[in-house]
Amino acid sequence: MTYSPSTAAEPATDVGPVARLITPTGERVADSTLDPWAGDVDDALLVDLYRDMVRTRRLDTEGVALQRQGQLGLWAPCLGQEAAQVGTARALRESDFVFPSYRELGVQLVRGATPAQLVEVWRGEEQSMGDPFTRNTAGPQIIIGAQTLHAVGYAMGIQRTPGADGQPSDDVAVAYFGDGASSQGDVNEAMVFAASFGAPVVFVCSNNQWAISEPVAVQSRTPLAARAPAFGIPSLRIDGNDVLAGFAAMRWALERARSGAGPAYIEAVTYRMGAHTTADDPTRYRDPAELERWRGRDPITRVETLLRGRGALDDDLVAEIAADADRLAAQMRTACLSARTRDPLTIFDEVYAAPHTGLDRQRRAYAAYLDGFEEEAR
Amino acid sequence: MTYSPSTAAEPATDVGPVARLITPTGERVADSTLDPWAGDVDDALLVDLYRDMVRTRRLDTEGVALQRQGQLGLWAPCLGQEAAQVGTARALRESDFVFPSYRELGVQLVRGATPAQLVEVWRGEEQSMGDPFTRNTAGPQIIIGAQTLHAVGYAMGIQRTPGADGQPSDDVAVAYFGDGASSQGDVNEAMVFAASFGAPVVFVCSNNQWAISEPVAVQSRTPLAARAPAFGIPSLRIDGNDVLAGFAAMRWALERARSGAGPAYIEAVTYRMGAHTTADDPTRYRDPAELERWRGRDPITRVETLLRGRGALDDDLVAEIAADADRLAAQMRTACLSARTRDPLTIFDEVYAAPHTGLDRQRRAYAAYLDGFEEEAR
Amino acid sequence: MTELTMARSLNAALHRALADDPTVVVMGEDVGTLGGVFRVTDGLLAAYGKSRVIDTPLAESGIVGAAVGLAFHGFRPVVEIQFDGFIYPAFDQIVCQVAKLHYRTRGAVRMPLTIRVPWAGGVGAAEHHSESPEAYFVHTSGLRVVAVSNPADAHIMLRQAIASDDPVVFFEPKLLYHAKGTVDLETDLADTAPMGLARVVREGVDATIVTYGAQVVTALQAATAAEDDGLSVEVIDLRSLSPVDYDTVAASVRKTGRVVITHEAPGEAGVGAEVAASITERCFDHLEAAPVRVTGHDIPYPPAKLERHHLPDLDRILDAVDRVLDRPHSLSGVQL
Amino acid sequence: MTELTMARSLNAALHRALADDPTVVVMGEDVGTLGGVFRVTDGLLAAYGKSRVIDTPLAESGIVGAAVGLAFHGFRPVVEIQFDGFIYPAFDQIVCQVAKLHYRTRGAVRMPLTIRVPWAGGVGAAEHHSESPEAYFVHTSGLRVVAVSNPADAHIMLRQAIASDDPVVFFEPKLLYHAKGTVDLETDLADTAPMGLARVVREGVDATIVTYGAQVVTALQAATAAEDDGLSVEVIDLRSLSPVDYDTVAASVRKTGRVVITHEAPGEAGVGAEVAASITERCFDHLEAAPVRVTGHDIPYPPAKLERHHLPDLDRILDAVDRVLDRPHSLSGVQL
Ligand SMILES: Cc1ncc(C[n+]2csc(CCOP(=O)(O)OP(=O)(O)O)c2C)c(N)n1
Ligand SMILES: Cc1ncc(C[n+]2csc(CCOP(=O)(O)OP(=O)(O)O)c2C)c(N)n1
Ligand SMILES: [Mg+2]
Ligand SMILES: [Mg+2]
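One line per chain: the protein sequences are A, B, C and D, in this order. Residue numbering for the first sequence follows full-length UniProt numbering, starting at 1 and increasing by one per position. Residue numbering for the second sequence follows full-length UniProt numbering, starting at 1 and increasing by one per position. Residue numbering for the third sequence follows full-length UniProt numbering, starting at 1 and increasing by one per position. Residue numbering for the fourth sequence follows full-length UniProt numbering, starting at 1 and increasing by one per position.
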């Protein structure tokens, strides 16, 4: 029995064969795999998706600006990746649970993160975006790939938790990660576990072509979507800049998982239009022509064109949506500028759930030390 | 673009579709993939392979016996896996470099390990089977999967080391590992690196159906050989109890690697007839019927039948080969029984290549301490 | 009260935890059908089924990472790492996730994992099967670390660890799996002393030996031997390595003024260093001599046949007691 | 002599090592085209090509494991771990393979890896980007561990580390990458003191501060401040954390009788514990007070905006100096 990398001819880089429903020029095209999951999507929903993408982009721009102005320690822009994030996240229901990486602004937004929560992390005030359980979404994971295992474990938890009716719940866990992450042992182990237990988990790989300065070809000679089936997980490779494809693909994956058929994998082929983070200078490693090429595949423009063509979007609505996004951005800025660093002694809080003799002693000592300053000052 | 686990119907367990040249009943059959690599194999070579398998089995039996008699701390029997080990290892040349796991007695033997080296490790006298460079074979790796990365790194070294003629050397590195190991992050990262650098490395997965008490179905829902192509590495799934298939498959893989075509992967489908180690009791988890089934697929019997049928093997030669194996086993026993534990102070040797103030001090202190006993004794 | 081996007492604790709390799941390599390579999880699969007792694929990072996800969902995973030397592939998940998630989420996400580790040497095992990695975890803020030394403690402490809302790395000395002791299987956890307390296992006035795990047995033998020599040696079983119960330790050292700390792990930046430094900080004016550490050497674990030269034994501990008492016939008192 | 930042001085050392020794290879994430996120490997790819300067896939275990294989083949890999907090996925390969292979093969296989780690805090970074994991490696027998504190040392010590036949974990304080200093790029390694030596960076008689990395700068500021207070404080830069040069440290402590040890990592079972315990063992009769540790608290690294309360600063070090001298206006002298 010979297995050959039948897919070797397809490059891991740039677009290649993808499933798509909206072309870069804004045409709605057919796709036999995705259409069954997009048939009921009406213009109102498309406008919603458009609005979420505009919001995401606007907040992202604000984040970059705040960082430039010294208000944030760092920002990881998601410019260009709005469709992959918003489309997939909008297909979820509230009780599903999401484990994102650090670049999923659009996912966090769709999942209900407030502007304040979004900036606290990058300002260095907090390490999570609030309590994960209030919106069933974990904070951004920085250790590349680690969250994929958490999603699998959570999905194993779902399998073990009957609902009120005694039937196992049909919630799903979702892991978001990048093309670079695909190389990490953890991500591969996550696929092994997911397949072994048939866990209701969806892997969403945002292949934005780059892991900092390394093109995806360093990570893989084959399309990343081809990895999953080898572990027994079916996958879809979609145009990640097509929000409808993201939405439809996610519904396909969720439906599988909800029905007990186990894990699924989506590779969203997209592009990181900005720097890796505000600390990065992509001109050191990227060809401007590549950027130009991808500018022509913008995820927002194509939906706008489609909706305008259908008469579902006009200048007024565009302006209204932009104004709404501006309001959110302003909220974020206000939250950022009015952020107050919490009390120093809180650094000792919640290291442990129960009292800890060693740390409690340190806390008392540090409190006494700080008090000493105040006394001196008096 | 949809990727589905096309191979999902095939079970990861038991035999399934495999490439094979000698059937369990000792018939030489054709296989279009393997035949090109076995055409020049004459009976003399087959007898050699047979001899190596008999030796391996005999030494393995002796190892188990020595452990039972309290002479070894542990033994990891390879009963039933002789073909996969001997066949693949015999296809190597001396200058290739092998990174085996702990169960590769047959590989170590073919690579020139002495009976003494084989027992020292399991007796607890040494942790390596001598100097790896004398036979271009590393000692047994116990950390599951770790050696696969070493093989890839070594292969990267080969790529960076021109021979006398200025051409890159066409040596190959080989990693042996088990079905259980396929779940480890390291093994997957090894495939990522191997593919990324097109490194001349061959992965040999001995799928012996079990990882201690866990059937391979716990590790995988798909044939393990199907994993590799997803990383861009072609693979072959062979009857691991067919020594000729192992030999031919390895030649295929080596030739690819030598020619600069990069890594290759072989899944040898075999069976661990014995316990995981002498500390294990497989009756706790294994169906005797399964064992019976595999007994009918014995790797040695089938070659014997084939060679006898061809007149290349008769009772005399069988007896001679058995006697030779007995001699080796006796050597191993002697080496074991006459082993002398080395000087206690050698535990401080070779922790570092250069002097180390901290450790040198400890060594002196312990030497003085031991001297104190001797003085007391006087 | 029942006479049980440590392995059986641990097994009983797992049975009890699974029976009492539906959120407890046991997971790891070979913990199900086989019942664990040390039979500590024996019978659990049959009793609680495979949704509670999970044979996992062979990948430690995967096991701990999946347990983190289960904890996110409200489960209380009890993870078995098959041997001490195989915990390192899971190190990233333990250090960056298990230890930090409660802190990072300001208490929203609990990580009540228990990570059981068959542990340490003296059993003639193959490479990587005799490691003492406890210091790595003691140095990791956010974890609790305990080590048991007898069946009774093993039973109670495992139940306490599982009940703990904090992650606990739980070290079980392989050498003592078959050691027997009297275990009270009926104990109500509410009636037990908290998990973090050390115990004076033998009283004495001349010197204190501080230790944990299987070395407690060796230390007690040393104390008995020292008695023949007219010395009264106190022995403390730390039980909890993080946090250490310094009240108990300091009370002893203030009494004896002399302390020997012993463990199997290499000394350099080991638990003994922490204990020695902390004792010195707390008891400087009571110390008659510098605390002496008797530990494994700063070498990789040697081949099994040589391990007795690596592990502190009765003689090395006695020698250290002599040294800390400035007694002349100390064998290695030589200052090198 | 050239005026260089630490990042440039490290870069020069890498250039030199690649030029002098054809077996040296540099590998890691973004070390090639980008020249490293801190530009420490800047220009190396252009100068030596991609067979010597290797952008690897994103997998730390893979990087170190492949480096082990390269070392098997006779190479001398210089591995970059992009940030301190990302070394843990490679922990297994470092602890079980890199640290042990020379020992396990009785010297046949050398592991001359240098593992460079941009390290520690104080730079306002995101989570996992400010870790001080050095104690894990100090506790691991078979590794050498060094930490640099200025451009001149950085240059020489990196060259020494690469030339070392033993594996070296090499910590580079991110806070000092842009700090400038005079570097002698022409030094012949044969003329330099061995890598393991500590250095007295400031002499004094009243107390000794033992530290390493970026804390050396803070300790020097504290010593200067203490001078205004009439105190003469000696400052020692350990430079090598394993082994520690106890000759230099003990000589100082015998002189001053008082010692403060400071580092950013949490104190519990940290390097400071080892240093305090070892000093006490060696200098007990010369100590006027217990060694005092000033370290990061035993907490996960806090959010950036709060890190200044975690990291020992000038005031906390001065406070500790006061304490070790039993001076009344010590702020936290309260025994709690
Ligand atoms: C374990 C680990 N190693 C290295 C890093 C440093 N790092 C942060 S982002 C990044 C690239 C990630 O690329 P990818 O997975 O494609 O995600 P993207 O940034 O493109 O969204 C690297 C190497 C990290 N955060 N964690
Ligand atoms: C990292 C690690 N985890 C766990 C173990 C314990 N262990 C030893 S062998 C084994 C099963 C290995 O199965 P497989 O890879 O199929 O090889 P086989 O024993 O069948 O040859 C396990 C779990 C180990 N040695 N290393
Ligand atoms: Mg990317
Ligand atoms: Mg197996």
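Hints were generated in silico from the structure; no laboratory data involved. One should not assume that every hint holds.
To be verified - Distance condition first, Cα-Cα at most 25 Å in a straight line; then the derived DMTMM-like pairs of lysine to aspartate or glutamate:
#1 Lys50/D with Asp170/B
#2 Lys255/C with Asp21/D
#3 Lys50/D with Asp165/A
#4 Lys180/D with Glu290/A
#5 Lys305/C with Asp360/B
#6 Lys255/D with Glu281/C
#7 Lys50/C with Asp165/A
Claimed, not checked - Quick partial rundown of chain B residues pointing at chain D, CB under 10 Å, derived from the structure:
#8 Thr25
#9 Phe99
#10 Asp131
#11 Gln147
#12 Gly157
The beta-carbon is built from N, C-alpha and C at its ideal position, and this holds for glycine as well.
Hints, verified against the model:
no., hint, result
1, Lys50/D with Asp170/B, "19 Å, holds"
2, Lys255/C with Asp21/D, "60 Å, violated"
3, Lys50/D with Asp165/A, "60 Å, violated"
4, Lys180/D with Glu290/A, "38 Å, violated"
5, Lys305/C with Asp360/B, "22 Å, holds"
6, Lys255/D with Glu281/C, "20 Å, holds"
7, Lys50/C with Asp165/A, "21 Å, holds"
8, Thr25, "41 Å, violated"
9, Phe99, "8 Å, holds"
10, Asp131, "4 Å, holds"
11, Gln147, "9 Å, holds"
12, Gly157, "3 Å, holds"
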